[in-house]
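Those protein sequences? They're chains A and B, same order as listed.
Letter 101 of the first sequence, counting from 1, is numbered 100 in numbering that gives the first Met the number 0, and no numbers are missing.
Letter 301 of the second sequence, counting from 1, is numbered 300 in numbering that gives the first Met the number 0, and no numbers are missing.
A couple of the hints might just be wrong.
Residues on chain A that point at chain B, a partial pick, calculated with CB under 7 Å [to be verified]:
1) Ala32
2) Pro39
3) His44
4) Pro47
5) Asp50
6) Gln73
7) Trp81
8) Arg83
9) Ser86
10) Leu195
11) Ala196
12) Gly197
13) Ala198
14) Arg199
15) Gly224
It should be emphasised that the hints constitute simulated quantities derived from the structure, not laboratory data.
Where a beta carbon is used, it is the ideal one built from N, C-alpha and C, also for glycine.
Given next are the chains, with one letter for each unit.
There are 2 protein chains.
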Amino acid sequence: MLEHGGRLLRAAQRYGIAPADWLDLSTGINPEAWPVPAIPARAWHRLPEDDDGLAAAAREYYGAAELLAVAGSQAAIQALPWLRARSRVGVLAPGYAEHAHAWRQAGHAVELCSGAALFEQAERYDVIVLIHPNNPGGDRYSRAALLDLHAQLAARGGWLLIDEAFMDATPEASVCADSEREGLIVLRSVGKFFGLAGARVGFVCAAPALLRALRERLGPWTLSGPSRHVVQLALADRDWQTRMRARLRSQGARLADVLGAHGLAPSGGCAFFQWRRCEDAAELHDALAQRGILTRLFDAPHSLRFGLPGDDAAYARLSAALAEVVPARSPA
Amino acid sequence: MLEHGGRLLRAAQRYGIAPADWLDLSTGINPEAWPVPAIPARAWHRLPEDDDGLAAAAREYYGAAELLAVAGSQAAIQALPWLRARSRVGVLAPGYAEHAHAWRQAGHAVELCSGAALFEQAERYDVIVLIHPNNPGGDRYSRAALLDLHAQLAARGGWLLIDEAFMDATPEASVCADSEREGLIVLRSVGKFFGLAGARVGFVCAAPALLRALRERLGPWTLSGPSRHVVQLALADRDWQTRMRARLRSQGARLADVLGAHGLAPSGGCAFFQWRRCEDAAELHDALAQRGILTRLFDAPHSLRFGLPGDDAAYARLSAALAEVVPARSPA
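Given only the sequences and the hints, what does the whole structure look like? Please build it.
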């Protein structure tokens with residue numbers, strides 16, 4: 000099992016700081032979650048049913064002709080590699096590490112590559128996995144480039160798998176609407192944009208035959224009833240979505256400004272987080288944690304990812320901590 | 000994908016009766032669910048963490064030394080067959096059909112057998128799968144017989160897999176406390192007893208090495224945060240559990256009495272349901288459905304399973320419908 004951000008309880012124990020006292024910037028989750036209403040008792044009581052309206056709400060929101068609800072995009076990341084015979088798989092790196100892990104676990108030959116290398120040498124792979132925008136680097140690609148890459152792979156039975164977990168603030172860059180093409184598979188998640196990471200709900204947008212095979216592998220009732228209920232409502236709340244897209248884009252820029260003002264101008268990022276490469280990332284991570292601020296540390300390359308502070312007080316706390324920590328490590 | 004009970008929306012469409020107007024006896028779920036309180040916002044917002052206290056509450060409730068929380072026992076039913084090389088598997092029949100399906104999907108040689116045949120010819124199998132008490136037959140086995148069967152299988156690296164989804168009303172018959180033995184695997188579910196089928200939470204009680212392998216296969220965050228929160232509270236609510244065990248046992252007996260009074264004395268059953276073999280099960284199922292009463296129909300053998308009516312009005316409605324339907328098919 001890989002290590003992940005979001006392990007607040009462990010950090011609380013290690014640094015002797017109560018969980019409630021942390022500013023948790025270790026995830027890419029929108030700090031301003033969609034407001035969950037009361038849950039009807041029947042959602043807890045009954046087995047969930049597939050024809051409850053969730054899929055229709057998701058098709059409308061994502062603009063995809065066909066999709067399958069899954070228990071978080073993680074469930075799809077783990078299952079998809081088992082639907083192919085042994086393949087040569089190129090995975091974007093650095094990127095969300097579960098992709099390469101899952102393809103290796105299923106026995107495929109995996110190479111970690113930069114985005115440029117994957118696009119230039121597509122002929123070396125049967126499957127290419129992109130994260131778009133990338134986590135943690137924030138890399139972006141044009142729709143035309145993605146569809147061209149897909150066409151090359153699909154022509155020989157290959158797949159282009161695109162993880163769009165952080166796409167919701169920039170839906171115009173999504174290729175969900177193209178996902179009925181054989182071999183184009185798009186993963187979406189409600190965890191980040193809607194701030195509902197605890198719901199464990201994601202969607203796979205793809206051609207019908209692939210979705211059937213995936214559904215057979217995952218089995219029945221993989222989502223909880225309350226999660227299905229809540230996510231169906233969130234996907235239909237257009238006013239909140241419009242307001243939140245604008246807000247996230249401005250918050251992503253604000254976070255980049257704060258980091259820049261303290262000599263940590265981002266190496267990349269998106270509306271949900273900013274990412275900074277630096278050789279002393281581990282020391283910086285530790286110094287911030289001693290001050291109750293949890294960031295996400297990466298080893299390869301040495302770097303830190305900062306999620307969005309939720310409010311002015313959180314921005315002020317981050318600024319104050321950076322003012323203490325950054326000069327100490329790189330005196331002028 | 001197999002067909003299951005609980006597909007109320009489909010029946011509503013087929014019979015032209017609104018979902019709210021049905022008496023749904025098609026499941027074995029306790030109609031009196033554990034009362035779910037309001038959910039804290041953080042349970043929706045954050046990624047679930049493994050060390051939130053759920054596992055400890057479950058170890059206490061089930062009396063098992065080691066266990067793993069899974070997204071419904073269905074998740075374990077599907078994953079466990081992939082943790083063994085090709086094996087000869089004896090599965091109790093008639094019984095919950097997902098077991099045999101999952102072992103076949105994973106490439107094992109599956110035989111469907113009566114309980115008596117499995118106990119008498121254990122040497123023919125590497126793995127034996129029991130449902131205890133059985134669904135739909137209600138068959139029961141002594142702890143001594145189960146541990147003896149386990150010992151025979153374990154001596155040659157085999158498994159005894161026992162699905163105890165309907166055990167909570169009779170916890171004295173559980174073998175959870177013995178599940179640290181290598182090769183003894185017990186599945187539990189909160190869906191039936193606590194009436195929380197929508198939560199998608201189950202537990203696998205087994206030796207640590209097997210639980211590690213299962214966890215690796217299932218991956219991180221398979222349960223939703225709200226479900227983890229609710230189930231932890233339900234598992235600790237001893238007063239409700241004590242009251243409900245007594246109530247379920249009396250309700251199971253009451254349902255058997257009602258069926259018997261209408262010439263449908265149960266062929267088997269337990270506290271959660273009663274089961275009746277009859278050649279015209281399909282006609283009876285249809286006649287009841289025309290009256291808005293959904294039961295679970297089995298083809299092999301021809302039989303009907305009746306879940307518990309929730310209150311006096313529901314019992315009266317079932318009695319009235321049986322009075323109309325049963326004489327018509329078997330006049331005295």
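Here is how each hint holds up against the structure:
1. Ala32: At about 5 Å, which falls below the 7 Å cut-off, the nearest Cβ of chain B leaves the hint on Ala32(A) intact, so it holds.
2. Pro39: violated (10 Å)
3. His44: For His44(A), the interface hint holds, since the closest Cβ of chain B sits about 5 Å away, which is under 7 Å.
4. Pro47: Holds, about 6 Å.
5. Asp50: holds (5 Å)
6. Gln73: holds (6 Å)
7. Trp81: violated (9 Å)
8. Arg83: violated (16 Å)
9. Ser86: Violated, about 20 Å.
10. Leu195: With a closest approach of 5 Å, the Leu195(A) hint holds.
11. Ala196: It holds, given that the least Cβ distance between Ala196(A) and chain B is near 5 Å, below 7 Å.
12. Gly197: Gly197(A) check passes; min Cβ-Cβ to chain B is 3 Å, inside 7 Å.
13. Ala198: Holds - the Cβ of Ala198(A) comes within 7 Å of chain B, reaching about 6 Å at its closest.
14. Arg199: holds (5 Å)
15. Gly224: holds (3 Å)
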